[in-house]
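A.B. asks: Make the full structure from the sequences, and use the hints.
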Amino acid sequence: MLPFKEELIKENYYLREFADSVSRDELVWHRDREDRVITLVEGNNWKLQLDNQLPIMLEQGKKYFIPKESWHRIIKGNTNLKIIVEKRG
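The sequence shown begins at 8 in the numbering used here and counts up one residue at a time.
These are calculated hints, taken from the structure and not from any lab test.
Treat the numbers as computed from the prediction; the structure is a model and nothing was measured.
Check the hints yourself; a few may be wrong.
To be verified - Listed below are the simulated SDA-like cross-link pairs for lysine to any residue, each with C-alpha atoms no more than 20 Å apart in a straight line:
1. 69 x 44
2. 69 x 20
3. 12 x 38
4. 83 x 63
5. 94 x 48
6. 12 x 43
7. 75 x 44
8. 94 x 40
9. 12 x 28
10. 83 x 18
11. 89 x 9
12. 94 x 84
13. 89 x 52
14. 70 x 32
15. 70 x 39
16. 94 x 36
17. 70 x 15
18. 54 x 78
19. 89 x 44
20. 70 x 47
21. 17 x 34
22. 75 x 62
23. 17 x 49
24. 69 x 83
Stated by the list, open to error - Just the calculated beta-carbon pair ranges, DEER-fashion:
25. 52 x 91: 11 to 21 Å
26. 16 x 59: 26 to 36 Å
27. 59 x 18: 24 to 34 Å
Cβ coordinates follow ideal geometry from the N, Cα and C atoms, glycine included.
C.D. replies: As structure tokens, then:
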């Protein structure tokens, strides 16, 4: 079971929602099969961490590239989180 709800909004674009009640233990390091670009829609103090890098604070409207097969994780903030996930390839 995934720690988020996801809705297809157009081809290759998904609205992904994490509740503020999600456990930090559910937000695990993982890899994806395709490149992804994520854009913060709503959320405070959530971070993205790529392998061998320090976490970066997600900023509303900014795009973040995650290369396929790279280890990464989301670090919990203090509100609900909504992001747009564009899956490439």
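A.B. asks: Return holds or violated for the Cβ distance of residue 52 and residue 91 against the range 11 to 21 Å.
C.D. replies: holds, 19 Å
A.B. asks: For a C-alpha distance cap of 20 Å, please report whether residue 94 and residue 84 respect it.
C.D. replies: Violated, at about 23 Å.
A.B. asks: Can the restraint linking residue 94 and residue 36 be considered satisfied, given a maximum Cα separation of 20 Å?
C.D. replies: Holds, at roughly 18 Å.
A.B. asks: Going straight from one Cα to the other, do residue 89 and residue 9 come out at no more than 20 Å?
C.D. replies: Status holds; Cα separation ~15 Å.
A.B. asks: For a C-alpha distance cap of 20 Å, please report whether residue 12 and residue 43 respect it.
C.D. replies: Distance of about 17 Å is within 20 Å: holds.
A.B. asks: Is the hinted pair residue 69 and residue 83 satisfied, with a Cα-Cα distance of at most 20 Å?
C.D. replies: holds, 18 Å
A.B. asks: Has the given pair, residue 70 with residue 32, been kept, meaning a C-alpha gap of at most 20 Å?
C.D. replies: violated, 25 Å
A.B. asks: Would the pair residue 83 and residue 18 pass a check requiring their Cα atoms to be no farther apart than 20 Å?
C.D. replies: violated, 28 Å
A.B. asks: Holds or violated: residue 17 and residue 49, Cα atoms, limit 20 Å.
C.D. replies: Holds, at roughly 19 Å.
A.B. asks: Just to be careful, I want the Cα atoms of residue 89 and residue 44 compared with a cutoff of 20 Å; is the pair within it?
C.D. replies: Satisfied, since the Cα-Cα distance of roughly 14 Å is no more than 20 Å.
A.B. asks: Taken at face value, is the distance from the CA of residue 44 to the CA of residue 69 at most 20 Å?
C.D. replies: holds, 10 Å
A.B. asks: Between residue 69 and residue 20, is the straight-line Cα distance small enough, at 20 Å or below?
C.D. replies: holds, 16 Å
The structure fails to meet hints 10, 12, 14 and 21 from the earlier list, while all remaining hints are met.
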